[in-house]
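If you read the protein sequences in the order shown, they are chains A and B. In terms of the UniProt record's numbering, the first sequence has 236 at position 236, counting the first letter as 1, and numbering is strictly consecutive. In terms of the UniProt record's numbering, the second sequence has 32 at position 32, counting the first letter as 1, and numbering is strictly consecutive.
It is worth saying that the hints were derived from the structure and are not from the lab. Keep in mind the model is a prediction, meaning the values are calculated, not measured. Please note that a few of the clues may not be correct.
Only pairs whose alpha carbons sit at most 30 angstroms apart, straight line, appear in this in silico BS3-like list of lysine-lysine [to be verified]:
id, chain 1, residue 1, chain 2, residue 2
1, A, Lys141, B, Lys73
2, B, Lys95, A, Lys235
3, B, Lys73, B, Lys41
4, B, Lys95, A, Lys141
Which bits of chain A does chain B cover? Going by a derived footprint, with three or more residues having C-beta under 8 angstroms, they are [what the hints assert, rightly or not]:
id, segment
5, 113-122
6, 129-135
7, 223-229
Just so you know, even glycine gets a beta-carbon here, dropped at the ideal spot from N, CA and C.
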Amino acid sequence: MSFDGATPHLTPAATPAADDPKGTVTVSSDLLSTWMGFADVQRRTLGVVQTELARTSQHVEDATLDLSARFRILAEKAMEQSERVAQIVAVAGTVRIDDEQVPLDQLVVGMQDMITDMVSNIVTLSRHAMSMVYLLDDVQKDVVELEKSIGDIDVINRQTNFLALNATIEASRAGEAGRTFAVVAQEVRHLSHSTGDLAKRMRSKITAVVKGVRNGHEILRQIANTDMSPQMLAKERVDKTMDSLVEQTTHFQSVLETAASVSADMSSTIARVITGMQFQDLTKQRIEGINDSLAIMSAGLDELEGQIRAEVPSSIGAREPQEWLNSLLNRFTLSEMRGRFVRKLLLEGTALDENGVLDVDVSHSDSAGGDIELF
Amino acid sequence: MDYGIEQRDQEAAVRLRGRLTFNDHAKLRALIGEMKQNKAKRQVLDLSSLEFVDSAGIGMLLIAREEMVAATKELVLRGAVGQVKRVLTVAQIGKIVTIED
């Protein structure tokens, strides 16, 4: 057995007598004492190493199981996340209207069509209003003509009336000869009165028509004078808003799709990590194998030690190999492990051991920087 | 709004200036009359100096177009800028009247 850098000095105290017929050799009590000391420490060390290996294997197993469980939760959460994102992606590009999912781009086209129709209605309305304005302009002129014509009738009627009056005067002068003519003149006067009355009634009606036309014209002017161009130009703003809305939604959708695929990737990566955790199983089996061979070595050593002790006089005791022990102890830099090793070497087989001191867990003992006086 | 007519080879170009609104309806009717009397087959309304048109103005431009069609003439709206161009575009006047830049 060799140890890095610190091989203990085993000085042979005697040379074997090669000529012994029983096959026995002479060994100095000093060498035997040293060997028994080594054997004792070696056996205990093997025990410690076995315990440490088993402890390490258990530690790795516990940690691996814990990690696997946590990764499994992580994988489930990642899966849930990707499902949630997928749900959002499914509805992101649509709008619910009257219990119907309408795709946003379809909605936008529909609304733009509506506004286009509205603008085109405004244009048609404006054109008709202006046609009406021009028509009523003409009607106004005609009505003025009509008023003038009624005035003309009055003039003619006054002349007719005057003429009839003259005829009556002339008929009375003519005496008996003009009697029938006087009757005609009288009839002409009646006719003139009737025409006058008719003209009067027409004037009153025409005045009403003129008033109506002027009112209508004024209302129409107000309608036509209401500028709808800002409402028409509102289409520009609505179009821009709609385009921006569609663009933004498309962007959101693509970001969400990426997020969903990343979540799915995470989920499958975690699944692979969990599979990778199975290395622990193999490690455990290897450590068990090593521990089994160590147990066989330990048992062999134990048996050999027993046989030798039986043949050696009780006056020869085992000598603790202090230098070797120190070198061994320096290997255990982990304080907790060092503590367990020290306890095992020092206390095993003593009265304290029987009182169960070795069973006490030393994992939390704070001996990291403390000096341990062994011998 | 005011206007000036420029007679060229095959077309008469009318340059409209300022704002074309409802208040100009009598003036525009007179202009339509002049355009009908004009010999040129192609009647161009140069809108490059027109700053503003209201919905009544759009209606009047369409009436002008109808009158030209009735007189077997072609109406062209040329060089609209700013608000005038925007309104003509939004109202899709290009579908009815020839529009030139």
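Comparing the hints with the structure gives:
no. : hint               : in the structure
1   : A/Lys141 - B/Lys73 : holds (28 angstroms)
2   : B/Lys95 - A/Lys235 : holds (17 angstroms)
3   : B/Lys73 - B/Lys41  : holds (5 angstroms)
4   : B/Lys95 - A/Lys141 : violated (35 angstroms)
5   : 113-122            : holds (count 4)
6   : 129-135            : holds (count 5)
7   : 223-229            : holds (count 6)
In summary, the one numbered hint that this structure violates is 4.
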